[in-house]
Amino acid sequence: MQKVLRKRILRDLKENLFRYLALSALIIFVMYLVVSIVGAADTIIIGSKKQARKNQLEDGQFGVFVPLTDTETEKLEKKGVKLEKQFYLDFGMEDHSTLRVYQNREEIDLIALEEGKLAQAEDEIVLEKRYCEEKDLHVGDSITLADATYKIVGIGSTPDYDAPLKQTSDTNADSSIFGTAFVTADTYDMLRKSGKSEKTEEYVYAYRLTGNLTNAQLKEELKKLEFTAEDVKDTYFREYWDQTMGKKDDLENGINDLVDGANELRDGLSELRDYSDDLNDGADEIFDAYLDEANKALKAYGIQEVTADNFETVLNNYVNQSNNPGARMVARGARMQLQELKSYVDGTKEYTDGVGEAADGSEELADGVRELKDHTDDIIDDIFDVDVSNMTYFLVAGDNPRVLGAAGDQEINKIGGLIAGVILMVLFTYVISVFVVHGIEQESSVIGALYALGVTAGDLMLHYITLPVVVSAVSSVIGGLIGFSKWGIGLQMQDCFGYFSLQVPAFEYTPYLIVYTFVMPALTAAIVNCLVIRKKLSRPVLSMLRKEQKASRIRDLNLGNMGFIARFRIRQMLREMRSAFAVIFGMFVSMLIVMMGLDIYVMCQNVNIENKADTKFSYMYTYKYPTEEVPEGGEEAFGKTLKKERLGYNLDVTLLGIHDDNPYFDAKVEDGKNKIIISTAVAQKYNVSEGDVFVLNDEETDTKYAFDIVGIAQYSSSLYIFMDIDSMRELFNESSDYYNIVFSDKALSIPSGRLYATTTKEDVEEASGIFIKMMRPMIYMLLVCSVIIFCVVMYLMMKVMIDRSSFNISLIKIFGYRTKEIGKLYLRGNFYLVAAGALLCIPLAKVCMDAIYPMLVANVGSSMNLTFGWELYAGIYVAVILLYLFINQLLVGRLKKMVPAEVLKNRE
Amino acid sequence: MYLEVRDLKKSYGENGSYVQVLKGINTEVEKGQMCVIQGTSGSGKSTLLNCIGGLDTAESGSIVVDGTEIVGMKQDMLSEYRRDQLGFIFQFYNLVPNLTVKENIQVCEYLTEHPLDINDLMQTLGLTEHQNKFPSQLSGGQQQRCAIARALIKNPKLLLCDEPTGALDSKTSRDILILLEEINAKYGTTMLIVTHNNSIKNMVHKVLIIKDGLIHKSYENEVRVPARELEDL
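Protein sequences appear in the order of chains Z and Y.
The numbering used here applies: residue 87 is where the first sequence begins, and numbers increase by one.
The numbering used here applies: residue 1277 is where the second sequence begins, and numbers increase by one.
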């Protein structure tokens, strides 16, 4: 029987060729889009990972102040890590771009050449491919670098610059201003010696773990490696060291000197005290000796013997009362001598007592100084609590935005594509089911007759799902094949290759996507149609034979005293609820796609406008080695990069310490180590507001910081949060005059060797515009896609509505209704449906997309202002109405073609 | 007895709209008989036919066809019963619009392991020259002949005809009745024909007249008038 019924399928297809072609085109288009987007994502994700493996992608990298010694390298390698020096020099080019020069790699992050060869001679250079594309450079061309000319012998890419970001903190890559280059070791030495690099050489090591050592363990090992400041060749480093860590030595030396002095003093006085008794005894002996001599002389004049205690009284009596002038003279002389000696003895006593006290004091002093040293050591440890190890930074590959950046970016496309595919599959399957249901309802009496003759529901089910399944399957295969081709995956990847630096990978045909493409649409069509058809075919045979309409409360709605035209239209809409729902569903899906396109557009546009408006500085200098004094004309700031996770992506958030009168940011910061003002970019990205607690993570120290949000400041360029600079210095144990960023409205004369980076307003403006440039093809594609889906679904469903009413339309033609009047009855209702549906779908789609969109750009660390003005909403609404009117015109033509004979054909 | 109906009752609706259509039908038809069921609109004749055909379910009573009780049968069993035993002819043909005459017949040819020869059947029904035409290219009579062929191809033992000439003109009606008569003679098919037409009762073996849900009159024609001689069709 199926053999016979199959003949009917072909005839059905022929009879409704346009309908099925439109439907098929929609499925082909949808599957093409989904497969090309997801296939491109898979190709890039798998391809870039394969390339990364092949080219020995690093497990991470770290920077050092001074190159590791051979012993240190050996020690580390023995622990289970392979290291490769990847020192680099940045050179400013004539066109103001920066070329970062490395020497050829041998073991890690190998250069994947797309054309040419590696640099082998002194005048040869290999350039990164995106830079070459932007500069229109080719193998055989020459470039000038540090006043020397180099011949480009190769063009390629390296896995550590998959996203060619100049700084890892940059939000976007711009290959027109930055690229990498690779030369021989000799040429690199020559370039280093030329002294013409923008800044001093960066000592970076890439590593691959080869044993049981983990990233964290390696980091700990590296922290232990110390260095001698004197070994650092960078003069700015040395100067900075002297200003900062050098002062620690001064302080330590000073307090040590003080301790030593106090100890010496204590020891000296102690020794002096030890001689005090001798001194006192000596004085007493002198006094006693003279007293003996004096008594001998006094005795000669009959003067009684005197003692140390009474000599003054006795001798005074003789001097005043004796009649003997000789005795008086001797007594006077002895009294004077003894008085002087007595004073001497008392003086000596006082002196030695003083020495004793001083010795006691010096001991206390020494103890005090020792305490002072202990406290001072603690204070030094607190103040100079900085890593004194040789390591300047440590970055594992997983946290490095340059590594596998394309793969990360494409993950979002992949998920978005797959979800969109499922939604669109449900849409077109639903559209097909409307056709099928329409067909079953039209043939209800025939089906009833076949049932009566013993044909089973299973036979008919198989028959009725065959066409939708075949159309879905064939269309999805066609769409899938185009999607998998160079016109699909190949084209979709172009955007990615226009941004990321990747080798063109071989297309990946992942099993899940093959099943998704070639099985899912047919399976979805089979399942959805089975469910719908089963319900329709399970009606009683007699009901089908009699073409009975199922009673419905909604259809039988009491419309009161409503006028005929309005009543008719409402009844028609209620009767065609299934098709009307498909129109609204299709409109909603189209609007979702429109909103995705517009969200991309407005986000890029807002980023562009707001970044320009919010960037009030002309120059931002990020210091590596700041000077003691802030350069004249500059505004100091203290920047620290912390981390905050959002939707699975661990993004950099810059905590910026500024003064409350900083002219470059509208952030009136308050004193307080936990008070922050967040930028609008942070508020939008993390969905936080004033009063919330914002927790940031310092991965270097494994410390979490919880801040109270006390305000929101307009700033969209980057994920910034602001706090009072003094509070920030205190929080991070920096000196009261510390800074590492200087903003300025004019160029300052700062040696490039002191700087990590210089960001100009022009850089920010140019970078802001890159998003729109990059996303424009995607925006156009989404808008075209939505228009096609909207038109096809609306046309097909409205046509079904009219076809289902063909008998009635023919009948009222017999009554004498004109085409225009029929249009009013049958099409005007659709206008109200579309007009009202659009009023609902446009804002609803916007709300839904605004909720979904942040997940699609979870890896982008910038603001997400998705708001747009009422003009755009009005524009979309007008576009919907215009498209409806266009489709309406096509359908009016169909109304004209309907003839009263239809009634006669279907008179039963 | 090929068909036996005992105390068959059937009603529709509830409360105010309750109507008992069949109030206890008792009848029987012998194998190979042609039987007309006649009655006014709403008398229950089509309901009786539908119950016998397993298209409608009886509330109570019994219908035994060729020894098998069909009252209380489940839907899938009823489907098998229709497939094995029955042919249906309707007033409005109900042909598959985009299948040709031959294909419409073939749809039911596959339902049985021993179908009649399709070419013979088309020859008998005068459809050979129209076999590749679609229903829309046929007259009402030709469409009904196609519907008859579709019903007969699986060589049913019982042919149920619901107003088979209701939508046809007099001449075409006669042609169809002649055809049914010939089929009955040729294949020995038992036939139940529901009709308003008073003349048809003269050509069949047995007549059942239903009134208000009960067999009002039941008789067998002692002399049958051949279809070609029927008047006032």
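A hint or two may mislead.
Unchecked claim - DEER-style ranges, computed between Cβ atoms: (1) Y:1501 x Z:907: 51 to 61 Å; (2) Z:971 x Y:1353: 54 to 64 Å; (3) Y:1409 x Z:907: 45 to 55 Å.
I should point out that these hints are in silico values taken from the structure, not numbers from a laboratory.
By construction, the Cβ of each residue, glycine as well, lies at the ideal position given by its N, Cα and C atoms.
Hint check:
Taking 51 to 61 Å as the suggested C-beta distance range, the pair residue 1501 of chain Y and residue 907 of chain Z conforms, at roughly 55 Å. Roughly 56 Å separates the CB atoms of residue 971 of chain Z and residue 1353 of chain Y, a value that falls within the hinted 54 to 64 Å. Residue 1409 of chain Y and residue 907 of chain Z have their C-beta atoms about 38 Å apart, which leaves the hinted 45 to 55 Å range violated.
Violated hints amount to a single one, hint 3; each of the other numbered hints is respected by the structure.
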